[in-house]
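K.L.:
Residue-level listing of the chains:
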Amino acid sequence: MKLPSLRDVAAETRLLLIGIPVLLWTMIPIYHMFLFAISPKEDAFSGKLWPDHPTLHNFEIVFKQQHYFLRDFYVQFWNSLVIAAAVGVLTLVIATAAAFSISRLRVPGGRIVMNLALFTYFIPAAFLAVPMYRTMGNYGLLNNHWSLILAMVTIASPYAIWVLKQASDKLPVELDEAAVMDGATTLQIFRLVYLPLMMPSLVAIGTYAVLLAWNEYLYAFLLLSNDREITLPVALGNFLAADDSPWELLMTTGFIYALPPAAIYYAFRRYMVGGLTAGAVKS
Amino acid sequence: MAITLSGDQSIPAPPLSSRLTPAQIWGIVLLAPYLLVFLAFVVYPVGYGLWLARAPSNYVALYHDPIFARAAVNTLIFLVIGINIKMVIALFLSGFFAQQRTWIKWLSVIFILPWAVPSIPTILSVRFMFNPEWGMVNHLIFSLTGDDGPNWLNDPTVALTMAIGVHIWKSLPFWTLILMTGRLAIAHDLFEAAEVDGASWWQKFRYITWPSLQTLYITCTLLSMIWTLGDFNSVYLLTGGGPADLTHVLSTLGIRYLRLDQLSLAMASIVCAIPFVLPLMYFMMKRLSR
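Protein sequence lines correspond, in order, to chains A and B.
Numbering that gives the first Met the number 0 applies: residue 0 is where the first sequence begins, and numbers increase by one.
Numbering that gives the first Met the number 0 applies: residue 0 is where the second sequence begins, and numbers increase by one.
Derived by calculation from the structure, the hints in this document are not laboratory data.
Ideal placement from N, C-alpha and C gives every residue a C-beta, glycine not left out.
Careful, some of the hints might be misleading.
Quick list of the computed label-pair ranges, beta carbon to beta carbon [stated by the list, open to error]: (1) ASP154(B) x HIS66(A): 29 to 37 Å; (2) LYS40(A) x ASP260(B): 32 to 40 Å; (3) MET198(A) x SER288(B): 24 to 32 Å; (4) SER45(A) x PRO278(B): 27 to 35 Å; (5) PHE62(A) x TYR58(B): 22 to 30 Å.
Computed list of chain B residues with no C-beta within reach of chain A, every gap over 12 Å [claimed, not checked]: (6) SER56; (7) TYR62; (8) ASP64; (9) PRO155; (10) PRO172; (11) HIS187; (12) PHE190; (13) ALA192; (14) ALA193; (15) GLY197; (16) SER199; (17) PRO242; (18) LEU287.
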């Protein structure tokens, strides 16, 4: 067995001196949230690093909706779920069709549409939120789930189209030509050649749109306001309205709310890292 | 047999359907859904918003509103100082995470968490941590020193700094990951050759890493600036713009005016940012559409 040299130990120590602060910095806010979720009220407010009596009681209160702030927990969870799923599906349909049209069919004006979409991608979301709120009012969609779904599709599509177009451009033209020679119609090429080859990018984009919608706070908070229409993040924000907010319940609900996106992210990490980060900024 | 759709005989153009191949017709049909979304939810709102902000009196009102001036300064601090600090840390950490170690691989999996979880619960968690009476930070300060800790979020400078901190906490993993991808794409034999020549880590960074990364780094910085202009959560959920409306940035200020039913002021405050944002947006669009 070879003993590590002094130089190796020094190098490892230097790395640890970076790694440990990074770990603490990353985990403290998340640990703090978890700590509140498993603490009874009196422990949560006493500043202990670990509760004397860890408990799942807070989760029980949330799941049984036994608090004024939580009386619509399941409805709001369902709203978040339906809206995220709808945004995922609609974004995929719209963006895949557009990317196929621009990249494979070379539709006239496709390049202009791509540039307009990219331009939209760079509008800061909070800036578009103000006129979007009034627009939805003019369309009569305020307090309707469609307002949030359509707003999120608007925000998710430009990036989706761009990533899918980049991916489609990489598919060889010969594929389409061969299919045409065999007498395939445009729709058959789309369904039988294009979609199967694009699957990894489609998974990445679907995940991206679902997470974007699930995590959205600002638009949800502007466009929806009835307690039974709002999504979970808006309900979490509403906890702050009271001075005596039950923090331990807020953190428990927040913890439950944060679990699905984290799980989805880690489940699709392979696609996300390849499909999104590489495409996010082209060097 | 071609059917002329147009009644106007003076234009000798053939009917649309015979000039386009079936593939092109499908192209238009498939592009139509996005175009509809774009017209209804981008063109209309933006046009409507600009129209609302047209009266010069709005800008006079903004000029006389001290909260607007403060928000503009805060936004500049957020972008110029906050983003640059974030990107330098991301550049540094991308080198750390590019090391081939099992424990660093595992750490990178954990490190991505802030980006993978929604920002609302984590920002509220930080907010509670710094609560002056019951927060964990002041409890720790009390048990270590016997003194009461500061009223963190009640000081506008500290509150804005913490909002920047929360923003960095949330988006640092994303940019680190991107820069790491850039680093891993640099040919490894360059470093090996430098190693043989006895180059120091600074020389390796200065003459190999930085020249390959600088375009990506600058693009990331500009992109992050544009997106950060739209970062509503970091400020709103941590400070709510307070104390005394001193920590607003342009994104929260627009929503504040909206809540006060001053829609044209809200739009005008955004229009004021356009001269700064538009060149950045144009530059980014050019870069990405190549």
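K.L.:
For each hint, tell me whether it holds in the structure or not.
P.N.:
Evaluation of the provided hints:
1. Between ASP154(B) and HIS66(A), the C-beta spacing of about 33 Å keeps the proposed range 29 to 37 Å intact.
2. For LYS40(A) and ASP260(B), the Cβ-Cβ distance of about 38 Å falls inside the hinted range of 32 to 40 Å, so the restraint holds.
3. Our hint of 24 to 32 Å for MET198(A) and SER288(B) holds, since their Cβ atoms are close to 25 Å apart.
4. Distance hint check for SER45(A) and PRO278(B): the Cβ-Cβ separation is about 52 Å, which falls outside the suggested range of 27 to 35 Å.
5. Between PHE62(A) and TYR58(B) the CB atoms are about 52 Å apart, so this pair departs from the stated range of 22 to 30 Å.
6. With a closest Cβ-Cβ approach of about 18 Å to chain A, SER56(B) is found to remain outside the 12 Å limit, as its non-interface label requires.
7. Against the 12 Å criterion, TYR62(B) stays outside the reach of chain A, whose nearest CB is about 19 Å from its own CB.
8. For ASP64(B), the requirement that its beta carbon stay farther than 12 Å from each beta carbon of chain A is met, with the minimum near 16 Å.
9. The claim that PRO155(B) is not at the interface with chain A holds, since no C-beta of that chain comes within 12 Å of its own (minimum 19 Å).
10. The claim that PRO172(B) lies off the interface is violated: its Cβ sits roughly 8 Å from the closest Cβ of chain A, which falls inside the 12 Å cut-off.
11. Its beta-carbon lying about 17 Å from the closest one in chain A, HIS187(B) satisfies the requirement of being farther than 12 Å from that chain.
12. No Cβ of chain A comes within 12 Å of the Cβ of PHE190(B); the nearest lies about 15 Å off, and the non-interface call holds.
13. No Cβ of chain A comes within 12 Å of the Cβ of ALA192(B); the nearest lies about 20 Å off, and the non-interface call holds.
14. At roughly 17 Å from the closest C-beta of chain A, the C-beta of ALA193(B) stays outside 12 Å, upholding its exclusion from the interface.
15. Even its closest Cβ contact with chain A, about 15 Å, leaves GLY197(B) beyond 12 Å, as expected for a residue assigned away from the interface.
16. Under the 12 Å C-beta cut-off, the non-interface status given to SER199(B) relative to chain A holds; the minimum distance is some 14 Å.
17. Listed as a non-interface residue, PRO242(B) keeps its Cβ farther than 12 Å from every Cβ of chain A; the least gap is roughly 15 Å.
18. Distance to chain A contradicts LEU287(B) as a non-interface residue, since its nearest Cβ pair spans about 6 Å, not more than 12 Å.
Of the hints listed earlier, those the structure fails to meet are numbers 4, 5, 10 and 18, in rising order.
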